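Engineer: Now for the letters of each chain:
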Amino acid sequence: MKRTRTNTASTLLSVLVLVAVWQVAALFGESRVFPAPSTVAAIVAAEIASGDLPYHLSATLMRVLAAFTLALTLGTAIGLAMGRIRAVDRALDVWLVVLLNLPALVIIILAYVWFGLNETAAIGAVALNKLPNVIVTIREGARALDADLDQMAKAFRLSWRKRLFDVVLPQLQPYVAASARSGLSLVWKIVLVVELLGRSNGVGFQLNLFFQLFDVASIFAYAISFVVVMLTIELLVLQPIELRANRWRVRTT
Amino acid sequence: MSAPLELHIKKKTYQGAEGGEVEAVRDLHLLAPAGSLTALIGPSGCGKTTSLRILARLDTRFEGTIGLPPAARIGFVFQEPRLLPWRTVEQNVRLVMEGGGADLDALFAELGLEDMRNRFPTELSLGLARRVSIARALAIEPDVLLLDEPFTSLDETTAQRLRQLVLTVWRRYQPTTLMVTHNVREAIQLAERIVLLAPRPSHVVAEIVLDTPHEQRDEVFVEATRTDLVGRYPGLIA
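Going down the list, the sequences are from chains S and A.
Just so we're aligned: the first sequence equals residues 1 to 253 in my numbering.
Just so we're aligned: the second sequence equals residues 1 to 238 in my numbering.
These aren't lab readings, by the way, just hints derived from the structure by calculation.
These numbers were taken from a predicted model, which means no experiment stands behind them.
Worth double-checking, as some hints may not be accurate.
[Stated by the list, open to error] Every beta carbon over 12 Å from chain A, so not counted as near; a handful from chain S, in silico:
1) ASP93
2) VAL193
3) LEU236
[Claimed, not checked] One-sided and incomplete, this derived list gives chain S residues near chain A with beta-carbon spacing under 7 Å:
4) GLN151
5) MET152
6) ALA155
7) ASP166
8) TRP248
C-beta: ideal position from N, C-alpha, C; glycine also.
Produce the complete structure using the sequences and hints provided.
Structural biologist: In structure tokens form, the structure reads like this:
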């Protein structure tokens, strides 16, 4: 508990230093291209009051969550299959390499061209961008599954449900956590591109608008707001889940 | 509840490290009456563990037959406890049960695990973890109980206590029990029958019936029986 408090304090301090550095830098820059934190804060307040910021933020957040969940579930299933069954691995490996190396922009454009400028295409394109990374990570985890526990499950004739949720998934937990961590940030960056190219709301759409108006302060306001949202999710959702999942590990420090 | 057990392995081969085939077992015939306690003894690598694995249907690549009702419940106590580290002691035991809601108080009390129910396996000593592993095997009310060297790497006091515990629960639940060990004294102390296996390719050399009641098997008895067996089967029993 005490350690958590010191951690929070040091995080806060480091944020304060960042804001201070920004403020000082803004004094020397041109305010139109490099706005001061106070200017940005004023815009954030105004945008919240008008309801625009919450509206676009939640639109983006919904897309992030949908694409993230889709990629993580599908990626875990496929990665597990590839890690456990050699035939599946051989069959899908080339696809995986292609998908890994296909630029996000190409997938997004193709999705819009083929499926139209709609929500399904947008979320699908983002999920497809994240999918191969999840598969690669989970596949490594599936390859490292404990054969002894597998035999125990077999000897006691555990149902597939128990095997999956009690034996296999807990072993994959660190790998799932790793891809969730890197995934959330990757997904939100791609969601912005999707919104910029083919959606009429969301942070990406707004950024495009402000770019055309050359409104750098608003770009700052939206970008920072979303980073804060993501940070909150990281601190209030992801970290507590991870802590709970790791309860059984013996602390050596 | 307990089922008679029969195993006939005509042939079991392994893929050797250099690519050739290694014949591990040839014509091994095992028979254990319902509710009996049999010890399998033999030099290491003689197919003791293989026999258990085949009985539990963990290994199906062999020629031969398993004489066991397909619905027979098999409780397996592995050499290492093989508990799920991310589940508590109680969750580990309940995992293998079908209903899940059963009362485990009596079982935990019998094995001295009442205070350990909410601990995680990483917090337990090897001796305690083995007890949990035995509790898990008993929780399914097994018709057949398979024990793969359950007392190795324990200090003698703990091992002795665990042996008594196994004897107690065997008497109470009477599963047909097959115990693999390389410790002759342990087998003499616990088993009703000792099955002696020859080295690779493994087969049964002798079956020794021990009908002395367990209470009368003191150190003198164990030592005398061992000396007798060493004389009769030199090279196989140490």
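Engineer: Mind verifying the non-interface call on LEU236/S? Its CB should be farther than 12 Å from each CB in chain A.
Structural biologist: 23 Å, holds
Engineer: With 7 Å as the cut and Cβ atoms as the points, is ASP166/S at the interface with chain A?
Structural biologist: 6 Å, holds
Engineer: Please check whether the beta-carbon of VAL193/S is more than 12 Å away from every beta-carbon in chain A.
Structural biologist: 38 Å, holds
Engineer: With chain A as the partner, please determine if GLN151/S meets the hint condition of a C-beta pair closer than 7 Å.
Structural biologist: 5 Å, holds
Engineer: Taking C-beta pairs only, is ASP93/S more than 12 Å away from all of chain A?
Structural biologist: Per Cβ check, ASP93/S is outside 12 Å of chain A; nearest 26 Å; holds.
Engineer: Does MET152/S meet its interface restraint, that is, does its C-beta lie within less than 7 Å of any C-beta in chain A?
Structural biologist: 4 Å, holds
Engineer: Would the stated hint for TRP248/S survive a check requiring a Cβ distance to chain A of less than 7 Å?
Structural biologist: Holds: closest Cβ of chain A sits about 4 Å from TRP248/S, inside 7 Å.
Engineer: Is the interface hint for ALA155/S satisfied, with its Cβ closer than 7 Å to some Cβ of chain A?
Structural biologist: ALA155/S check passes; min Cβ-Cβ to chain A is 4 Å, inside 7 Å.
Of the numbered hints listed earlier, not one is contradicted by the structure.
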